[in-house]
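Put the complex together from the two separate chains, hints included.
The lines below spell out each chain.
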Amino acid sequence: MAPSKRALPSKEATLFRELLSLYETRQLKKGVKTADQILKKVPEHGETLCMKGLCLAQSGKREEGIELVKKGMRFDLTSHICWHVFGLIQKDEKNYEEALKSYTQALRFDKENINILRDSAQLQTQLRIYDGLVETRHTLLRLRPSLRQHWIALAVAHHLNGNLTSAKKVLEHYEYSLKNIPDYDVEHSETLLYHVRILEDLGEYAAGLSLLDVNSKSRAIVDRTAIMEFRARFLSKLRDADASNAWRALIDHNSDRYEYYRGYLATKDVDLDNLSNESRCQALAILQEFTSQLPKAVTPRRMALSFASDEQFSDLIQQYLRSGLTKGIPSLFADVKGLYTEPQKYKAIQAAAETILQENTPLEGQYSRGEPTTYLWTLCFLAQHYSYVPRAPPLQPFLSPDFERALALLSTAIAHTPTLPELYTLRARVLKRAGDLVGAASAMNEARLLDGQDRFLNTKCAKYHLRAGMVDEAIQFFGMFTKKDAANPGADLEEMQSTLYLIEAGDAEYRLGKLHLALKRYMAVDKVFHEMEDDQYDFHGYSLRKFNLNIYLNLLSWEDRLRSHPAYVTAALQASRIFVKVHDDPSLITAASSSVRLSDAEKKARKKAKKAASKAHDDKKPAAASAADDTVEATAGKDDDPDGVKLLGAADGLDRAAKLLQPLESLASDNIDAWLVIYDVAVRRKKYLQAIKALKHAKSLDGEHAELHTRLVDFKKRVSAFPQAPPPPIGPLVVASLSTLLPEEVSLETYNSLYLQRHSKCAAVVLAAARVSHSLGAPVDEVDATVFTTLADDAQLDILTASKILDLLKAVKSSRVEEYRLACLSHFPLSTVFMTQSEMSERQKQSHVEAEKLEVAP
Amino acid sequence: MTTPNAKARVSFASLTPNNLGTVRKLNSVLFPIKYSEKFYQDILLPEVEDFCKLVYYNDIPVGTVCCRLEIKEGRTSLYLMTMGILAPYRSKGLGSQSLELILKSAESHAKIDRVYLHVQVSNEGAKRFYEQHGFKLVGLHENYYKKIVPHDAWILEHVPHATGS
Numbered sequence: 001m002a003p004s005k006r007a008l009p010s011k012e013a014t015l016f017r018e019l020l021s022l023y024e025t026r027q028l029k030k031g032v033k034t035a036d037q038i039l040k041k042v043p044e045h046g047e048t049l050c051m052k053g054l055c056l057a058q059s060g061k062r063e064e065g066i067e068l069v070k071k072g073m074r075f076d077l078t079s080h081i082c083w084h085v086f087g088l089i090q091k092d093e094k095n096y097e098e099a100l101k102s103y104t105q106a107l108r109f110d111k112e113n114i115n116i117l118r119d120s121a122q123l124q125t126q127l128r129i130y131d132g133l134v135e136t137r138h139t140l141l142r143l144r145p146s147l148r149q150h151w152i153a154l155a156v157a158h159h160l161n162g163n164l165t166s167a168k169k170v171l172e173h174y175e176y177s178l179k180n181i182p183d184y185d186v187e188h189s190e191t192l193l194y195h196v197r198i199l200e201d202l203g204e205y206a207a208g209l210s211l212l213d214v215n216s217k218s219r220a221i222v223d224r225t226a227i228m229e230f231r232a233r234f235l236s237k238l239r240d241a242d243a244s245n246a247w248r249a250l251i252d253h254n255s256d257r258y259e260y261y262r263g264y265l266a267t268k269d270v271d272l273d274n275l276s277n278e279s280r281c282q283a284l285a286i287l288q289e290f291t292s293q294l295p296k297a298v299t300p301r302r303m304a305l306s307f308a309s310d311e312q313f314s315d316l317i318q319q320y321l322r323s324g325l326t327k328g329i330p331s332l333f334a335d336v337k338g339l340y341t342e343p344q345k346y347k348a349i350q351a352a353a354e355t356i357l358q359e360n361t362p363l364e365g366q367y368s369r370g371e372p373t374t375y376l377w378t379l380c381f382l383a384q385h386y387s388y389v390p391r392a393p394p395l396q397p398f399l400s401p402d403f404e405r406a407l408a409l410l411s412t413a414i415a416h417t418p419t420l421p422e423l424y425t426l427r428a429r430v431l432k433r434a435g436d437l438v439g440a441a442s443a444m445n446e447a448r449l450l451d452g453q454d455r456f457l458n459t460k461c462a463k464y465h466l467r468a469g470m471v472d473e474a475i476q477f478f479g480m481f482t483k484k485d486a487a488n489p490g491a492d493l494e495e496m497q498s499t500l501y502l503i504e505a506g507d508a509e510y511r512l513g514k515l516h517l518a519l520k521r522y523m524a525v526d527k528v529f530h531e532m533e534d535d536q537y538d539f540h541g542y543s544l545r546k547f548n549l550n551i552y553l554n555l556l557s558w559e560d561r562l563r564s565h566p567a568y569v570t571a572a573l574q575a576s577r578i579f580v581k582v583h584d585d586p587s588l589i590t591a592a593s594s595s596v597r598l599s600d601a602e603k604k605a606r607k608k609a610k611k612a613a614s615k616a617h618d619d620k621k622p623a624a625a626s627a628a629d630d631t632v633e634a635t636a637g638k639d640d641d642p643d644g645v646k647l648l649g650a651a652d653g654l655d656r657a658a659k660l661l662q663p664l665e666s667l668a669s670d671n672i673d674a675w676l677v678i679y680d681v682a683v684r685r686k687k688y689l690q691a692i693k694a695l696k697h698a699k700s701l702d703g704e705h706a707e708l709h710t711r712l713v714d715f716k717k718r719v720s721a722f723p724q725a726p727p728p729p730i731g732p733l734v735v736a737s738l739s740t741l742l743p744e745e746v747s748l749e750t751y752n753s754l755y756l757q758r759h760s761k762c763a764a765v766v767l768a769a770a771r772v773s774h775s776l777g778a779p780v781d782e783v784d785a786t787v788f789t790t791l792a793d794d795a796q797l798d799i800l801t802a803s804k805i806l807d808l809l810k811a812v813k814s815s816r817v818e819e820y821r822l823a824c825l826s827h828f829p830l831s832t833v834f835m836t837q838s839e840m841s842e843r844q845k846q847s848h849v850e851a852e853k854l855e856v857a858p
Numbered sequence: 001m002t003t004p005n006a007k008a009r010v011s012f013a014s015l016t017p018n019n020l021g022t023v024r025k026l027n028s029v030l031f032p033i034k035y036s037e038k039f040y041q042d043i044l045l046p047e048v049e050d051f052c053k054l055v056y057y058n059d060i061p062v063g064t065v066c067c068r069l070e071i072k073e074g075r076t077s078l079y080l081m082t083m084g085i086l087a088p089y090r091s092k093g094l095g096s097q098s099l100e101l102i103l104k105s106a107e108s109h110a111k112i113d114r115v116y117l118h119v120q121v122s123n124e125g126a127k128r129f130y131e132q133h134g135f136k137l138v139g140l141h142e143n144y145y146k147k148i149v150p151h152d153a154w155i156l157e158h159v160p161h162a163t164g165s
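Taken in sequence, the protein lines are chains A and B. Per this note's numbering, residue 1 is the first one in the first sequence, and the count goes up by one each step. Per this note's numbering, residue 1 is the first one in the second sequence, and the count goes up by one each step.
Calculated from the structure, these hints are not laboratory results. Cβ coordinates follow ideal geometry from the N, Cα and C atoms, glycine included. Just so you know, not all the hints are guaranteed correct.
[To be verified] Only pairs whose alpha carbons sit at most 25 Å apart, straight line, appear in this in silico SDA-like list of lysine to any residue:
#1 B/K25 to A/Q476
#2 A/K327 to B/D59
#3 B/K25 to A/S411
#4 A/K5 to A/L107
#5 B/K92 to A/L357
#6 B/K92 to A/Q476
#7 B/K25 to A/Q37
#8 B/K25 to A/E422
#9 A/K483 to B/N19
[Unchecked claim] These stretches of chain B come out as covered by chain A in the derived footprint (C-beta under 8 Å, 3 or more residues):
#10 59-70
#11 86-98
So here's chain B without its partners, still in its complex pose (with noise of 0.2 Å):
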C-alpha cells in the first residue's frame, strides 16, 4: 500500500541558529562542496529570511533552499546560491514548490529586480527544471567550478516583476 502523496504535508521553516544544524547536515550530504561559516552566517540574516527556508515533507527535514541579495550598481539581484532536496523525496513536486515560495516572495519584495543563478553545462534536468519556472538562459560562465567538472556554467535569469506584466 502507498500513500498517495496528496495526502503528504509539506511546510517550510525559516532558519534559525538553532536549525543550521539540519542545513549544515542536508548540505553535507546534498552538495559537493564544503559551504565556509560565512555561508551559514549570511544565510541567517533578518533581510534574507523570505529566501532560506528548510523544506518538510510529512515533518522531517528533507531539503533546502537558500539565497542572498546582491546590489550593484544600483541594481537588487537575488542569488540562488543552493537550493536541493533529499534524493528519496524527488519528484513530489518538491523543488517546485520550494521555488514557487521563493519566487512569490521575490515578487511581493518591490526592490528586487531578478533572480538569476548558475547550472552545471551538464545538468540539463536542472537547466529544463528552472525553464519549466520561466528563468531564461542569459549567459556562460567559464571556469565557474573549481574543482569540478565540467567547469563551466549556464547563467539562468527570472525577472519577477516582467512577467507579471
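For reference, chain A alone in the conformation it holds in the complex (with noise of 0.2 Å):
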C-alpha cells in the first residue's frame, strides 16, 4: 500500500488523532463515533478501521471489532498502527507468540516506537524470550536513557538473560548518574538492594558487603530485616568473626525463624546437613542455651528434638508436649510427626504422651484432680498418634495404625467434653483410614455442627462427602459459604481457583464412573493454572514502575515452577489417565452422553414439577421467580459443553493430554506416576521414543514397582504385534532400548512370575502380576488364585489395592467376586468400601440410631 492512501485530509487527519487519545483515555464509545466520522469521508483508511475495530473489541463487542480490524489491515499491511492494533487483539486473546510477531511487524515500520517497544518487552518477558528482551530493552534505553525505569528495566534483562556481570555494570552506571536521591526513598532503597542481591548471587561478598554497609549507613537501604539478613549471610560466606554476632541479632529479631539458627550454627561449624556426633552435641548445647534465653521461642525447642536421643530426647520432649498439650495446641501432633522416622522417638513420644495422659486422668467420679483440657488435648494426641499410618520404611514393618484404639480414646474424649470440634473431625480422619467414609462425613458434619461459622469444618465436611461419593449433598454445604448469586457452589468455587474442590470433585466424579463430568473439573484445574500464568503479565510492566524487584524475580521464578503444584500434577495425571481410558475404549463417550440425556430429562421433569408446584401454591411473585430462573439459564448457556460430555469424546483428546503432561517432564521428574502416565500417552500417540524415555526414567526411580511392571509388558506386546517394525533410526532404537528395558531370552509369562515371586507378600505387586497374566491369556481362575494369595495373614493388603483386586476380577468376569467382596468386609471390619448398596444403607440407620442413643442419655 502507497503511504499516499494513508494520508488523511488535515480535518480527518485532526479526529484521528482525537481517535487515538480518546482511545488512550478508554472513551471508546466517542471512540467509535469518532472513527465513523472520518470513514464517512475516507471509507477504505486502514488505521481508522483498526482503531475503530479495536474500541468495539474491548467495550464488547469482540466479533464485530475483531472483522474491522482484520478488513483495516487488509486495507493498510504497512502501517505501524494496523500491526500495533492486531497484537493488542492478540494479546488479549492470551496468544502471547502471534501478539509478539505482530509488535515486531509494527516495529519493523516504526521502529523507535516506545510504546511498542515497551509492549514487546512485555510479551518477550511472558514468552521468557530473554535474548530478544535485552535488545528491546538496550533499544528503550538508548532511546529515553533519561527515564530510571530504564536502566532498570536493561539490568534485569540482563539478569533473566544469564548475565549477571552486564546486569551489575548496568546498575554501576546508573548509580553513578544518579543526583540528589532524598533519604529514605524506598524506590532507590529497592534498586540497591537489587544490586546486593546480584553481587551475592556472583559470589562477590565483600564487594557487596561494602555496597551494603556503605548505603545502610547513608540510610539509602532502609529495609532493616533485609540489611540485617544479607550482612549475615555475607560475614558468613567471608569467615568473618562477626558472622555468629549477625545472626544472634537476627535471632532477637525473630526466634521463631529456623533459617537464623542454622545460620547461626553454621558459623560455629556445626552443619546440620552433615552432622557428627561431636557437632550434634554442640548443636544441642547451643539450642538449649537459646531455649533458656528465650523462653517464649518454640523453633530452638523443636529443633532441638531433631538432633536429641535416648533419654535427653526423653526429657526435652517431655517438657514440648507438655507445654503445648497444657497450652492446647491443635496442631502439636502434626508438628512432631516429622519425628517419627526413627522408631525410638515413636516409642519415647507415646510413653511421654502416656504420663501425660496418667496424671491428668481424673480419678472415677472425681475431677478434681488434673487440668481437665490438658486431659483432653492429651487424648487428641493420643489418638492421633495411635491412628497414624506410617509411610516409609524404618516404622513401616514395625508398627501398624491401631484405629480400634484411637477411636476409644476419641469417644473418651467426647463423653468428657462434647463441645470441642477437633474430637470430631479427628475421629472423621481416623474413620476415613479405616475406610469408613460415610462414617466419617457424618462425624464431620457433626464437627461442622458445633460451629456454623468456621469455614474450614464446612470445607471439610463438605470434602468428606465427597469423598464418601455424596455429591449432591457437599455441594450444598459448600454452597454455605459461596456468594449467593452465583449460579451454583460450584461455578463460584471455580470461579475463586480452588483447586481444593475442584479436585476433589472430580475424583468423587471419577468413583462414581462419571468421567465425563471427572473431567470437566480436572479440566477446570488446568484453566486455573493458565490464569494464574497471564496474571504475572500485567507485573512485567508494574514490578519495574514501582521498583518492586526483587519480589518480582521470586515471582517470574515461582512461575516458571507453577505447574510443579499438587493440585496441577493431579489433574493432569487424572485427566490424562480419563483420555487414556476413552481412547482404549470409546463406547464410554455414548455411555456418558446417554447418561447426561438422561439426568437433563429428569432435571426437566423436576423442574416442570417444581413449578407447578410453585404456582399452586406461590402466586405471589411469579415475575421474580421467572427472572431468577432466566438468569440462571444465561450464565449456565455460557458454557456449550457443561457436562464435559463434548470434552470427553473430543478427537484430540491424547493431544490434549500429552499438552497436559509436558510440563510435568522437568516439573515433576521424580514422580513415578507421571512418567507411567506420559508412557500410556506416548505409546498410544506411536511416540515410541518418548514413551521409552518414560519408562527409562520410571525404572530409574523405581524398577520394582508395580504400575512400571505392567507398562514393560504392554510395551514388549505392543513392538512384538507391530506389522511391521518402524523405520530407521526409530525402529533399532526402539527395538535396542527394549532390551534395556526387559530380558529378552525370557518369555513374558516367565518374566511375570519371576516378579511376583520377588515380592510374594505385597498386593500390589500380585495386582500387578495378575493383571499382566490375564492380558497374556491366562485362565480366570489362575488370575482368581493369584489375587486370593492377598487375603494370607502375612500379606501386606491396603483398602485401595483391596478394592482394585475387586474391580480387576469383577472384570475378568470371575465367579469368585462375592467370596473376594466378603473376605475384604471381614479384613477390614470398619470399612464401608466393600459393601453393598442395602448393607450401607443398614449401617447408615444404625449409626442414626446410635446417634440418637447418644443424644438422648444424660
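Written out as C-alpha cells, the structure reads:
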C-alpha cells in the first residue's frame, strides 16, 4: 500500500489524533463515533478501521471488532498502527506468540515507537524470550536514557538472560549517574538491594558487604530486616568473626525463624545437613542455651528434638509435649510427627504422652485431679498417635495403626467434653483411614454443626462427603459459604480458583464412573493454572515501574515452577488417564452422553413439577421467580458443554493429554506416576521414543514398581505386535532400548512369575502380576488364585489395593467376586468400601440410631 | 503437674445461629430434657443477648446459661431457664462467674424487677449455690416437673435493685 493512501485530509487527520487519545483515555464509545466521522469521508482508511475495531472489541463487541480490524489490515499492511492494533487484539486473547509477531511487524515500520517497544518487552518476558528482551530494553534505554526505569529494566533483562555481570555493570552506571536522592527513598532502596543481591549471586561477597554497609549507613537502604539478613549471609560466606553476632541479632529480631538458627549454628561449624556426633552435641548445647535465653521461642526447642536422642530426647519431648498440651495447641501432633522416622523417638513420644495422660486422668467420678483441658488435648494427641499411618520404611513394618484404640480414646474425650470440634474431625479422620467413609462424613458434619461460621469445618465436611460419594450433599455444604448470586456453588468455587474443590469433586465423579464430569473438573484446574500464568503479565510492567525488583524476580521463578503444584500434577495425571481410557474404549463416550441426556430429562421433569408446585402454592411473586430462573439459564448457557461430554469425546484427546503432561517432564521428574502416564499417552500416540524415555525414567526411580511392571510388559507386547518395524532410526532404537528395559531371552509369562515371586507378599505387586497374566491370556481361575493370596495373614493388603483387586475380578468376570468381597469385609471390619448399597444403608440406619441414643443419654 | 486454675482463661460468648449447635450439644448432655425448637429460637432474640451465654474454659465451650424475659402485670422478670457446666469443669468457679455476669447485666438493665428460677426439691446443692448469690426461697411449685421425680420445685428469687440499696 502506498503511504499516500494513508494520509488523511487535515480535518480528518485531526479527528484521527483525537481518536487515538480517546482510546488512550478509554473513552471507547466516543472513539467509535469519531472513527465513523472519518470513515464517512475516507471509508477505506485502514488505520481508522483498525482503531474502530479495537474500540469495539474492547467494549464488548469482540467479534464485530475483530472483523473490522482484519478488514483494516487488508487496506494498509505497512502501517505500524494496524499491526499494533492487531497485536493488542491477540494479546487480549492471551495469544502471546502471535501478538509478539505482530509487534515485531509494527516495529519494522516504526523502529523507535516507545509504546510498541514497551509492549514487546512485556510479551518477551511473558514468553521468556530473554535474549530478545535484552535487545528491546537496550533500544528503549538508548531512546530515553533519562528514565530511571529503563536502566533498571535493562539490568533485569540481563539478569534474566543469565548475564549477571552485565546486569551489575548497568546498575553501577545507573547509580553513578544519580544525583540528589532523598533519604529513605524506598524505590532507590529496592534498587540498591537488588544490586546487593546480584553481587551475592555473583559470589562477590566483599563487594556486596561494602555496598550494603555504605548504603545502610547513609540511610539509602531502608529495609532493616533485609540489611540484617544480607549482612549475616555475607559475613558467613567471608568467614568473618562477626558473623555469629549478625545471626544472633537476627534471632533476637525474630526468634522463630529456622534459617537464622541454621545460620548461627553454621558459624559455629555445625552443619545441620551433615552432623557428626560431636557437632550434634554442640548443636544441642547451643539450642539449649537459646531455649533458656528465649523462653517464648518454640523453634530452638523443636529443633533440639530433631538432634537429641535417648534419654535426653525423652526429657526434651516430655517438656515439649507438656507445654503444648497445657496450652492446648491443636497442631501439636502435626508438629512432632516429623520425628516419627525414628522408631526410638516414636516410642519415647508415646511414653511421654501416656505419662501426661496418666497424670491428668480424673479418678473415678472425681474431676478434681489434673487440668481437664490438658487431659482432653492429651487424649486428642494420643488418638492421632495411634492412628498414624507410617509411610516410609523404618516405621512401616515396625508398627501398624491401631484404629480401634484411637476411636476409644476419642469416645472418652467426647464423653468428657462433647463441644470440641477437633474431637469430631479427628474421629472423622480415623474412620476415613479405616475405610468408613460414610461414618467419617457424618462425624465431620457433627463437627460442623458445633460452629456454623467456621469455614474450615464446613470445607472439611463437604470434602468428606465428596470422598463418600455424596456429591449433592457436598455441594449443599459448600453452598453455605459461596456467593449467593453464583449460578451454583461449584461455579463460584471454580471462579475462586479452589483447586481443592475441583480436584475432590473430580475424584468423586471419577469414582462414581462419571468420567465426563470428572474430566470437566480436572480441566478446570488446568484453566486455573493458565489464569495464574496470565496474571503475571501485568507485573512485567508494574513491578519495574514500582521498583519492586526482588519480589518480582521471585515471582518469575515461582511462575516458572508453577505447574509443579500438587493440584496441577494430580489434575493433569487424572485427566490424561481419562483421555487414555476413552481412547481404549470409545463406548464410554456414548455411555456418558446417554447418561447426561437421561439426567437432563430428569431435571426437566423435576423443574416442571417444581414450577407446577410453585404455581399452585405461590402466586405472589411469579415474575421474580421466573426472572431468577432466566439468569441462571443464561449464565449456564455460556458454557456449551457444561457436563463435559464433548470434552470427553474430543477427537484430539490424546494430544490434549500430552500437552497437559508436557510440563511434568521437568517439573515432576521424580514422580513415577507422572512418567507412567506419560508412557500411556506417548505409546498410544505412537511416540515410541518418548515412551521409552518415560519407561527408562520410571525404572530409574523405582525399578520394581508394580505399575511399571504392567507397562513394561505392555510395551513389549506392543512392539512384538508391530505389523512391521518402524523405519530407522526409530525402529532399531526401539528394539535396542527394549532389551535394556526387560530381558529378551525370557518369555513374558516367566518374567511375570519371577516378578511375582520376588514380592509375593505385596498386594500391589500381586495385583499387577494378575493383570499381566490375564492380559497374556491366562485362564480366569489362575487370576483368581493369584489375587486370593493377598488375603493371607502375612500379606500386606490395604483398602485401596483390595478394591482395585475387586475391580479386576469383576472385569475378568470371575465367579469368586462375592467371595473376595466378603473376605475384604471381614479383613477391614470398619470399612464401608466393600459394602453393597443395602448393606450401606443398613449401616447408616444403625449409626443414626446410635447417634440418637447418645443424644438421649444424660 | 497440674496448672493452677488461676492460669485458666474463662470467657463468655453471645449466642448466634452459628454456635447454636454447641448449645444444643451441651444441653443434650447437661439436662435430662429435650428442649423445643421454640427454646432455641427464643434464646437468639436480641433483647436476651446479655442473658444467654456460652461459657468458655481455656477456649473450649464447657457450659451455657440461658434466660428469658417475662412481662406480667407490668412487672418484668428475668427467668433463668437453664444453667449448666460440664462435669469435668465444675468446682472451678465457672457457675458463679456466669451467674454474676447475668446478675450484673440484670442490674444495669433498669427495667428488670427480679430474677427467678426453679430448683428441683431434691437438689440441695443448687439451692445453696443460688442462696450464696443472693437468691431467696419464695415458694414451692408443686408438680412442676412432669417427667422426673421428685415432681416439685422450689422457686428462688433475686431482686437486683434491692441488694444494692
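- Message: For each hint given before, does the structure comply? Return the numbers of the non-compliant ones in rising order.
- Response: 6, 7
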